[in-house]
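Dock chain R against the given chain Y, drawing on the hints supplied.
Number of protein chains: 2
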Amino acid sequence: MRIGIIGLGLMGGSLGIALKQNIDSCHIAGFDHNALHCAQALELGLVDTIAPSIEEISQCDVIFLSIPVDAIIATLQGFKNIHPHCTIIDLGSTKAKIVASTPAKIRQNLVAAHPMTGTEKFGPTAAVEALYKDKVVVLCDLEKSGAHQQEVALRLFRAIGMRCVFMEAHAHDRHAAYISHMPHALSFALANSVMRQEDAKSITALAGGGFRDMSRIAKSSPRMWEDIFRQNRSNLLIALKHLDEELQKCQKMVENEEWEELNGWMTDANKLHEIL
Amino acid sequence: MRIGIIGLGLMGGSLGIALKQNIDSCHIAGFDHNALHCAQALELGLVDTIAPSIEEISQCDVIFLSIPVDAIIATLQGFKNIHPHCTIIDLGSTKAKIVASTPAKIRQNLVAAHPMTGTEKFGPTAAVEALYKDKVVVLCDLEKSGAHQQEVALRLFRAIGMRCVFMEAHAHDRHAAYISHMPHALSFALANSVMRQEDAKSITALAGGGFRDMSRIAKSSPRMWEDIFRQNRSNLLIALKHLDEELQKCQKMVENEEWEELNGWMTDANKLHEIL
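Chains as they are written, first to last, in this note's numbering: chain Y, 5 to 280; chain R, 5 to 280.
Extracted from the complex, chain Y is given alone in its bound form (with noise of 0.2 angstroms):
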C-alpha cells in the first residue's frame, strides 16, 4: 500500500512513524512546502521518501492531509486524476467548511477525520511514536465517502491504536469549539495576561502544575489556529460568550464576597470527576 503524508509536522511526522510500525508492507511518501521538514522527516524515519511534487503523491492509494484547515480546503481544490479507489483523509480539526467545499468528483474520496490528539509542539521533530494510540479520531459524515474509502480509513485508524467515534460535520464543530477552539483561545488569553503583568523570574518561581498545565497550549502554532478559529469563527465565538458568562458570574461572586454561592458553583465545577 503507498501511502503520501502531505504536511510532515508534529501530525504527519508521527502517523508516518505509527502507520510505519503497524501496517504490513506499506510505502510511506512524504510531502511538505518547507524544505527543511523534508530533510529532518526524511532523518527522523517519518516516512520512507519525500515525494518531489503534490502530483506523485496523489497517485498514492491513500492520502492524508496533515497541514492546516486552509491549507486542507486549497489542496482539496488542486487535487487533478484522483483515482476513483484513492482514500483521502483529512486531519483537519474543523469540518463543516473542509466538507463543504471540497470538489464533487472526489468527494466519495474524501473522509474527513479529526484525531482528538496533539500537543503543543510542531515540526518533523516534535514526531512521537504513541500520538494516536488510545486516542479518539472523529469521522464525521462518513456515509458521503465511498465504501472503499470508509473500509480503508476505519481499518488504518484501527490498526494505529484509535478509537473511531462518528458525528455530523456540523456537531463536530459546534462540539469542537466548546471542547477544544475555546481551551485554546482561552489558554493564549492567560499567557498573555500573565506575561503582560508579571516578569519571567515571578512565573518561573510561582509557576506550579495548575499554571503550567493551562497554559502549555499556549505555546501552540498561531499558523494552524488562525485557520481554526477563521473556519470555526460563529462557533468559536458562542463558546466563548459562555465562558465569558461563567467567569463573569465568578468575579461578581468574589466581588460581592457571596461565598456560599461561589462554594456551589466550584463543587458545580468539580463534577467534571464524572466524566473525565
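Check each hint, because a few of them may be wrong.
One copy or two, it doesn't matter: identical chains are merged, so the pair holds either way.
With a straight-line cut-off of 25 angstroms between C-alpha atoms, the simulated DSS-like cross-links for lysine-lysine are [what the hints assert, rightly or not]:
#: 1; residue 1: K256; residue 2: K245
#: 2; residue 1: K139; residue 2: K223
#: 3; residue 1: K245; residue 2: K223
#: 4; residue 1: K253; residue 2: K223
#: 5; residue 1: K148; residue 2: K256
In case anyone wonders, no lab produced these hints; they're calculated from the structure.
Relative to the frame of chain Y, chain R by itself:
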C-alpha cells in the same frame, strides 16, 4: 526531632512521607479533625502516630499547618504555650492575611511558606512521595521569623528536595493571584461552561490533551479554594480583570476577522516558551 502535621490531606500526607524518607530520626505526629483521614494517614504510613489534640501537637519541635488558609489563621490564634524554639510552618496559598493576623507572641515562631506544588486530588489517599521534590517553596517575610526558625525551615525544605525562593508577603499574594489563583478560577469557569453546554458523551469523545489539562484543576477542593479566593480577593479581582481584557481582545479580533492581529497575539503568547 518531633514533627507535627496538622491537616493530613494531599499536602500534609505527602509531606509526612517526604520527611520520613529524608530526615533522620524524626517522629511524625499527625492531627486532623476528620477521623477517617487520621485512620487513612496511619494506615498508609504517612505519619507515625495520630496526636489526640492540638495541644499535644503544639509541644512538637516543628509544626506544619497544611489546612485551608482560614483554618491556618484560626489555628495560629488558638495555639497556647508555644515553646520559644518551636518552629511553626504554614503551607497556605495566601500569605499576607496569615502573617498579619499571627499573634505577636508567636510571630517569631512562624515561617510563612507556600510550596508551589499540588494536584487536583485531595485527602490522605492522594498523598504522593515526590510531591515536593524539585519544586519551589516561597518563603515570605522570612526576616520576621526567628533565626532558629529560619534555619530549621530552610533545612527541612531543602532536605525534601525543594528550592527556596524569598518574597515579601504582599508581593507573593499579587504574583500568586496571576500565576495560580486566577488560573484556578478560569479552570472552574471552563469546566462549568463546557458542562452546561455539552453532554458527557461529547466531552469524552472530543476531550484531547488541551481540554484535559485546562480543566484538571477544576476538580480541586472547593473548601480550600473558597478560602484562598476570600483571602486574596482584591488581587484576584484585578487578575481576573486583566484576563478578561485579553479574552475580550481575542473575541473582538475573531468577531472583526482581524486575522493578522490575532496571529500576532497568539505569537505573543508563544513567548511563554522562553520562560517555561
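Reference check for the pair K139 and K223, CA-CA at most 25 angstroms: within, between, both, or neither? both (22 angstroms within a copy, 22 angstroms between copies)
Between K253 and K223, at a C-alpha cutoff of 25 angstroms, which is it: within one copy, between copies, both, or neither? between (28 angstroms within a copy, 18 angstroms between copies)
Can you tell me if K256 and K245 fall within 25 angstroms by alpha carbon in one copy, between copies, both or neither? Both. Shortest intra-copy (16 angstroms) and inter-copy (11 angstroms) distances satisfy the 25 angstroms Cα cut-off.
If the cut is 25 angstroms between Cα atoms, do K245 and K223 qualify within a copy, between copies, both or neither? both (23 angstroms within a copy, 23 angstroms between copies)
25 angstroms Cα threshold - placement of K256 relative to K148: Neither, since 48 angstroms and 36 angstroms both go past 25 angstroms.
Hint 5 alone, counting from the list given before, is not met by this structure.
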